[in-house]
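Spelled out from the first residue to the last, the chains are:
2 protein chains.
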Amino acid sequence: MKLPTLEYGDLLEHRLGPGRGLDPARLRGDLQERFASALLGFRERRDRGELGFLDLPTDASLARQVVEVADSFAQWFEELVVVGIGGSSLGTRALAEGLLGGHWNELDDEARDHFPRLHFLDNPDPDTTAALLDRLDLRRTLFNVVSKSGGTVETIAQLQIIEERLRAAVGEEAVRGHLLFTTDPERGDLRRLADAMQVPALPVPSNVGGRFSVLSPVGLLAAATVGIEVDRLLAGAAAMADRCLRDELVENPAGILATLLHASDRDMGRSVHVFMPYSDRLRATALWFQQLWAESLGKRPGTGGSLEASSAGVGPTPVAALGAVDQHSLLQLLMDGPDDKVVLFARIRRRRDDLAIPGLHLEAPSFGRVAGHTLGGLLDIELRATREALRRVGRPSLTLELDTLDEESLGATLMLCQIATVLAGELYGVNPLDQPGVELSKTLTAEFLASGSETREGGHPSAVDRAPWTV
Amino acid sequence: MKLPTLEYGDLLEHRLGPGRGLDPARLRGDLQERFASALLGFRERRDRGELGFLDLPTDASLARQVVEVADSFAQWFEELVVVGIGGSSLGTRALAEGLLGGHWNELDDEARDHFPRLHFLDNPDPDTTAALLDRLDLRRTLFNVVSKSGGTVETIAQLQIIEERLRAAVGEEAVRGHLLFTTDPERGDLRRLADAMQVPALPVPSNVGGRFSVLSPVGLLAAATVGIEVDRLLAGAAAMADRCLRDELVENPAGILATLLHASDRDMGRSVHVFMPYSDRLRATALWFQQLWAESLGKRPGTGGSLEASSAGVGPTPVAALGAVDQHSLLQLLMDGPDDKVVLFARIRRRRDDLAIPGLHLEAPSFGRVAGHTLGGLLDIELRATREALRRVGRPSLTLELDTLDEESLGATLMLCQIATVLAGELYGVNPLDQPGVELSKTLTAEFLASGSETREGGHPSAVDRAPWTV
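Top to bottom, those sequences are chains S and A.
Residues 1234 to 1704, numbered by my numbering, are exactly what the first sequence covers, in order.
Residues 1234 to 1704, numbered by my numbering, are exactly what the second sequence covers, in order.
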């Protein structure tokens, strides 16, 4: 198995110029010390049983349970809809887009090997929700409703609409045969409803948080149902986890990722971390990483977060990008804007299928320039050119290299990012596993839902003088 | 016509708390002065003929030409593929997703009113390109190839592959009947090829840059071909343009947007500008705005940009987000992370179609909470709750309100953002119309394409010692 590697030379001083990059001597000096301390904290969390995501790749019985459930369902349904938001959706999308590509649903049954099509309902947007439910044959559709807590407001709202439509389509008795929940093993409304309705419900281990749940039944059920080889995903993740527990910073890819991105932020003010894979299939992985990095690290240090007004928060700003598309969008800013960014490229060395550029109209300079190359080769040259352009103006980057994009390398990439995130939490001095800052919005949502009208919100301080400040 | 409005009270001191928001007195003081000076610069650019995008809404003959071409093609084809990248794609996506929704291609002929399906080829990713070309019936497909310069490397590479496949599918003689170019009126390889092959080619006016081209034939051809009412788009844009040329800051929505976002960055260090619409249909608009804001403002002031290493660049970091999805991704960072961000919400007041949440399993608290609401109502409550949560911790936001999402309001929104971008360029002291920073990457791409191999790049300084810094 060829695991992904992380190249970090373009973040170092001798490549970027004096004062622009990190001194490589620090890798065996203070950065090794910082990393060692973070790794100690990481191990303490692991020993306290907080890092359930680490155990998922070797939990053979849980994986077997998921695959059995998936096998028992896959043959009966043509459509699988994953209903979930945030951590209940982003990881599954990363798996599906990474390994099936973006056109899976347009393939015919044979090209899909008779596996179901796969859809996502995340945002409670009535346009999208209605458009999807209107066109599916609900008699041939399985809904995998995913909520760790079992009470996510958006997901519960969508479930009610789905259940009503299923009643009309298949009859009340048959509804439960079209539902499959993934939720807390003991608590929450979805778990209770599963028991009451006799709906099968897979567990999210209680020490696995939503944004660290991609390799739990949250991501694996859908993956297995559409034919992704779950064993290979987990094998890649397990192999990478071993590598990411090494004591030496320069031998530990998660340590390098976390320590260098943290040092870039803390020591050099480079607080914007742009994740820019050169592959459409990794776009969803970039969005998954954006959530992981933002929600784990954007915190008030020490306190575990609080709701008082304060500007003492820390945490980088992750930006999900896509090469080469965003060379036509963000590159100008990356080259000439404030020097407050680090780019994390992702590169696929070998592509299974590539397209030759035939070489027509060679008399036209722009046509002749690309003749003889492949489309994948062009994309790769663009990555290398952009990285080199950034280096020449003293702007740092790292490159995650996948030999090829497959189950093992994607599983390994996801594990690398998860471990790096926990290490970065230690480095930033925050708890990477909580998200106290989202509670106020949830509380206010519940209040506004209960008050039930614009008018009632009109009595709210924030609404009193809204009108005058409108143009 | 109800034009979108911009609400900015949650950026002001009396709402956010002392020292956290802007003093409203400044709106008629120094901010009015800054704005007046920016508007002067804007008018000078207009008078020099640099702002071609301003004239597009009232250029009836150009619009008529586009609609005629679209009408002449639409009836012959079932599939339209827009081949273009960056500014040649993002604006058209904003129009299509905004007005057709994300499921247009899954509708049947009748539901689409017999207008063609619409696809995009932007990234030169072989996976995506092959997947699309493999499954389209090329005999029923029109390719609109869009490149202002006529030599965009990604687009030219894809065009060669398309042309080869068309030759096989329809025969060499018929190829030109499946192509339609949108490019510079006089110069470039595409224009020359159009003349040589007798391919119809719409003009991009020479004073309309790629990222300001959405209301030119770049965006309008595809829009008209799939049945979007171009006249209404332009009418909305024209009405908003009038409003955005007003002299008084507090009466000018583009002025407010540009001046307050610039002041937030310059005066309060809030350099991350998060555009977060609460509508799936506006997600593509957020990505379009991200390009517009990043590529126009991320510059070295005064010089017009240069390639020497320097950290003197300016420009905010725009982040495209989506509500309510990103409450489960970015909100933790927005609430508790560094106070360096402003959120620009977009809200749709009235939705044409909404879904009632039926109210099942009312005994479960999370089910009962949303019963009696609609899905759109929930989404709106989430926006208001999130905005209020941010306000309570002293974090600023603005809200763009669309009464309803239609041709007029979307056209108006796009024009508002474009004028605000030029005004912001004046405020930041940069030329919002150029992009000198992307040239080095293009030059290196051409060099690497010419050298043609990894080995040749091996002689390059950046590649010499790459290996040792890999883990």
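For the record, the hints were derived by calculation from the structure and aren't laboratory data.
Note that CB positions come from ideal geometry on N, CA and C, so glycine has one too.
Be aware that a few hints might be false.
[Unchecked claim] Not close to chain S: a few residues of chain A, all C-beta gaps over 12 Å, as computed:
id, residue
1, L1371
2, R1372
3, Q1431
4, P1438
5, G1460
6, P1549
7, L1623
8, K1675
[What the hints assert, rightly or not] A few chain S residues facing chain A, derived, Cβ under 7 Å:
id, residue
9, L1369
10, D1422
11, R1424
Taking the hints in turn, this is what the structure says about them:
Distance check on L1371 (chain A): its Cβ is at least 15 Å (rounded) from any Cβ of chain S, clearing the 12 Å threshold; non-interface status holds. No beta-carbon of chain S comes within 12 Å of the beta-carbon of R1372 (chain A); the shortest separation is about 18 Å. With a least beta-carbon separation of about 14 Å from chain S, Q1431 (chain A) lies farther than 12 Å from that chain, consistent with its non-interface assignment. No beta-carbon of chain S is positioned within 12 Å of the beta-carbon of P1438 (chain A); the least distance is around 20 Å.
The Cβ of G1460 (chain A) lies farther than 12 Å from every Cβ of chain S, with a closest approach of about 17 Å, so its non-interface assignment holds. P1549 (chain A), annotated as away from the interface, has a beta carbon of chain S within 12 Å; the closest lies near 8 Å. Not every beta carbon of chain S lies more than 12 Å from that of L1623 (chain A), the smallest distance being close to 8 Å; the non-interface claim is violated. For K1675 (chain A), the non-interface assignment is contradicted: its Cβ lies about 8 Å from the closest Cβ of chain S, within the 12 Å cut-off.
Given hint, L1369 (chain S) at the interface with chain A, is violated; its Cβ is 10 Å from that chain's nearest Cβ, farther than 7 Å. At its closest, the beta carbon of D1422 (chain S) sits 4 Å from a beta carbon of chain A; the interface hint therefore holds under the 7 Å criterion. Given the 7 Å rule on beta carbons, the hint for R1424 (chain S) is violated: about 10 Å separates it from the nearest Cβ of chain A.
Violated hints, listed in ascending order, are 6, 7, 8, 9, 11; each of the other numbered hints is respected by the structure.
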